[in-house]
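Asker: Letter by letter, the chains look like this.
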Amino acid sequence: MAKTALIVDDSTTMRQMVAFTLREAGYQVIEAEHGQDALDKICAQPVNVVITDLNMPVMDGFTFIKNVRAMPNHKFLPILMLTTESQLSKKEQGKAAGATGWIVKPFDPEKLLQVVAKVLP
Amino acid sequence: MDHQVKVDPTSDGELKAQIAVALPILGVMGMQLKETASQIESAVVEVCAKFQSMADRSRAGVSGAAELLSGGNDSQSTNSVEALIAEASRTIETLLRHTQDSAAVSNSAIERIKRVQEATDHISKSLTQLDDITIGNRLLAVNARIQAVYAGDKAAGFGGVANEIGVQAKRSAEIVEMIRSVSGELRYIANSALTDLQSMVVEDQKAYVRSKVEVDRVLADFRFMNNSTREFICKMQSESESVAKEISGAVRSLQFQDRISQRIGHVIAELDRIKTDLGAHCKDMDFDDRPILRQLSESYTMQEERNVLGGDSQETSAGDVELF
Chain B
1 MAKTALIVDD STTMRQMVAF TLREAGYQVI EAEHGQDALD KICAQPVNVV ITDLNMPVMD
61 GFTFIKNVRA MPNHKFLPIL MLTTESQLSK KEQGKAAGAT GWIVKPFDPE KLLQVVAKVL
121 P
Chain D
122 MDHQVKVDPT SDGELKAQIA VALPILGVMG MQLKETASQI ESAVVEVCAK FQSMADRSRA
182 GVSGAAELLS GGNDSQSTNS VEALIAEASR TIETLLRHTQ DSAAVSNSAI ERIKRVQEAT
242 DHISKSLTQL DDITIGNRLL AVNARIQAVY AGDKAAGFGG VANEIGVQAK RSAEIVEMIR
302 SVSGELRYIA NSALTDLQSM VVEDQKAYVR SKVEVDRVLA DFRFMNNSTR EFICKMQSES
362 ESVAKEISGA VRSLQFQDRI SQRIGHVIAE LDRIKTDLGA HCKDMDFDDR PILRQLSESY
422 TMQEERNVLG GDSQETSAGD VELF
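Taken in order, these protein sequences are the chains called B and D. The first sequence begins at 1 in my numbering and counts up one residue at a time. The second sequence begins at 122 in my numbering and counts up one residue at a time.
So here's chain B without its partners, still in its complex pose (with noise of 0.2 Å):
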């Protein structure tokens, strides 16, 4: 069976470049543009991995990952944050937060599907 990707993100053409990517390596996905939208979307179905944003509208990607931290049946979901930021400090925020991995934008499409390969259970 197909592993489901949730994909975060408010622009919706890296929405699309991450989905297209994902979708051409037999992955389902699932779209959602801020961290609230994405929280939602987790509660409702079951994801075996999340590839975020992080800076978005209503709710941005660290705090989006420290809420799903908090989810009892969430603790080992792998996470990644799919950003444009690169700074060291950024990077332990999210470490911090409970990401799984860090990727900065713009990505590279096999590279993507190397780590999510390799952060799935």
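Note that these hints are calculated values from the structure, not bench results. Beta carbons are placed, not taken as given, at the ideal position from N, Cα and C, and that holds for glycine. Please note that the accuracy of each hint is not assured.
What the hints assert, rightly or not - Quick list of in silico lysine to aspartate or glutamate cross-link-like pairs, DMTMM-like style, CA-CA up to 25 Å: (1) D:171 <-> B:110; (2) D:356 <-> B:110; (3) D:366 <-> B:24; (4) B:111 <-> D:177; (5) D:327 <-> D:337; (6) D:366 <-> B:31; (7) D:327 <-> D:222; (8) D:333 <-> D:410; (9) D:327 <-> D:410; (10) D:327 <-> D:342; (11) B:95 <-> B:33; (12) D:356 <-> B:24; (13) B:118 <-> D:367; (14) B:3 <-> D:177; (15) D:356 <-> D:342; (16) D:155 <-> D:410; (17) D:171 <-> B:60; (18) B:111 <-> B:40.
Said to hold, decoys possible - With the Cβ distance kept under 10 Å, some of the chain B side facing chain D (calculated, not the full set): (19) 13; (20) 23; (21) 46; (22) 55; (23) 108; (24) 109.
Dock chain D against chain B, hints included.
Answerer: Using the frame of chain B, we list chain D on its own:
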């Protein structure tokens, strides 16, 4: 443009006046940037959707062709082209084997007819011997009658026996003749059947060889075509993979939009902040910005740009193409 700052401000009032002139332009710049970012995003979304569609169709095409070749989703399917060729080959081999079996049966019939011929030859030889016996009996009857005549009345009975032997010899000759006639007819029929069967066997053998050559050629052509199609589909699959990689590369390139969008967003935020800060210094100024906005509108070349200024839109042509 006329509304740009040209001279060093000599007083606080002049500086405020210059700022007041610049403020509406800052607002318009921000809106233009937002509009531009939005247009880029729409274009990239469209391009991305087209890439997705291209990839989907390419994959569907290759998958459909491969399925057609394999005869269904199951690789062991009996409907695959290879399976059909094998089945056709087996059917034709069976037909050819039946032809050979028929030839064997014909050869067996030929052998039996030959034995019939040998039997009729034997009958002929026996009939010749019977002829000799009949002739001997006739001579015996004639001699007996002569001796009976010499012997006179005392041998009258002997003469009767001699006559009877002559009659029997004559009847034997008639029967031998009849058997010879039947035997001749039998030989003729056997010979005809033999000739027909032999010629049929020869023709069948030739037809068998011709059919086998033709069938082998057709099957070879069929296999060649199938292999060519398979090679072509493999090539298409490989091409499709290349296309997928190229699309992947293009997707990576398209991410420029996200970076541009973010940078434009930052510039817009700064413009807004500058506008707010500067506006705070010119709160008390009563400045008519309509001439500046009109001037801006006139400098723009696209209706979309003028739309950003709002309200003051000019009349536009009905379509992209207009003949005068």
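Asker: The structure should be examined with respect to each hint, and the outcome stated for every one.
Answerer: Here's how the hints hold up against the structure:
Simply put, residue 171 of chain D and residue 110 of chain B have alpha-carbon atoms about 20 Å apart, close enough for the 25 Å limit, and the pair holds. Of the pairs offered as hints, the one joining residue 356 of chain D and residue 110 of chain B holds, with about 22 Å between alpha carbons and a cut-off of 25 Å not exceeded. The straight-line distance between the Cα atoms of residue 366 of chain D and residue 24 of chain B is roughly 11 Å, inside the 25 Å bound, and the hint therefore holds. For the suggested pair residue 111 of chain B and residue 177 of chain D, the alpha carbons sit about 22 Å apart, so the restraint of at most 25 Å is met.
Pair hint residue 327 of chain D plus residue 337 of chain D holds up; C-alpha atoms about 15 Å apart against a cutoff of 25 Å. As the CA atoms of residue 366 of chain D and residue 31 of chain B are separated by approximately 23 Å, the hinted pair is consistent with the 25 Å bound. Pair hint residue 327 of chain D plus residue 222 of chain D holds up; C-alpha atoms about 15 Å apart against a cutoff of 25 Å. Note on residue 333 of chain D and residue 410 of chain D: the hinted pairing is violated, with a Cα-Cα distance of about 97 Å set against a maximum of 25 Å.
Distance check on the hinted pair: residue 327 of chain D and residue 410 of chain D sit about 105 Å apart at the alpha-carbon level, beyond 25 Å; violated. A distance of roughly 22 Å separates the Cα atoms of residue 327 of chain D and residue 342 of chain D; the hinted pair therefore holds under the 25 Å criterion. Under the criterion of a C-alpha separation no larger than 25 Å, the hint pairing residue 95 of chain B with residue 33 of chain B is consistent with the structure, at around 22 Å. Under the criterion of a C-alpha separation no larger than 25 Å, the hint pairing residue 356 of chain D with residue 24 of chain B is consistent with the structure, at around 20 Å.
Simply put, residue 118 of chain B and residue 367 of chain D have alpha-carbon atoms about 24 Å apart, close enough for the 25 Å limit, and the pair holds. Under the criterion of a C-alpha separation no larger than 25 Å, the hint pairing residue 3 of chain B with residue 177 of chain D is consistent with the structure, at around 19 Å. At roughly 21 Å between alpha-carbon atoms, residue 356 of chain D and residue 342 of chain D fall within 25 Å of each other, so this suggested pair holds. About 21 Å separates the Cα atoms of residue 155 of chain D and residue 410 of chain D, which keeps this hinted pair within 25 Å; it holds.
At most 25 Å may separate the alpha-carbon atoms for a hinted pair to count; residue 171 of chain D and residue 60 of chain B exceed this at roughly 30 Å. Between residue 111 of chain B and residue 40 of chain B, the direct Cα distance comes to roughly 28 Å. Violation of the 25 Å bound is thereby established for this hinted pair. For residue 13 of chain B, the interface hint holds, since its Cβ comes within 10 Å of a Cβ in chain D; the closest pair sits about 5 Å apart. The interface hint given for residue 23 of chain B is met, as the beta carbon of that residue sits about 8 Å from the closest beta carbon of chain D, less than 10 Å.
Hint status for residue 46 of chain B: violated, given a least beta-carbon distance of 25 Å to chain D, over 10 Å. Annotation: interface hint on residue 55 of chain B holds; nearest CB of chain D at approximately 8 Å, less than 10 Å. For residue 108 of chain B, the shortest C-beta to C-beta distance to chain D is roughly 6 Å, which falls under 10 Å, so the interface hint holds. For the restraint placing residue 109 of chain B at the interface with chain D, the shortest Cβ-Cβ distance is roughly 4 Å, inside the 10 Å limit, so the hint holds.
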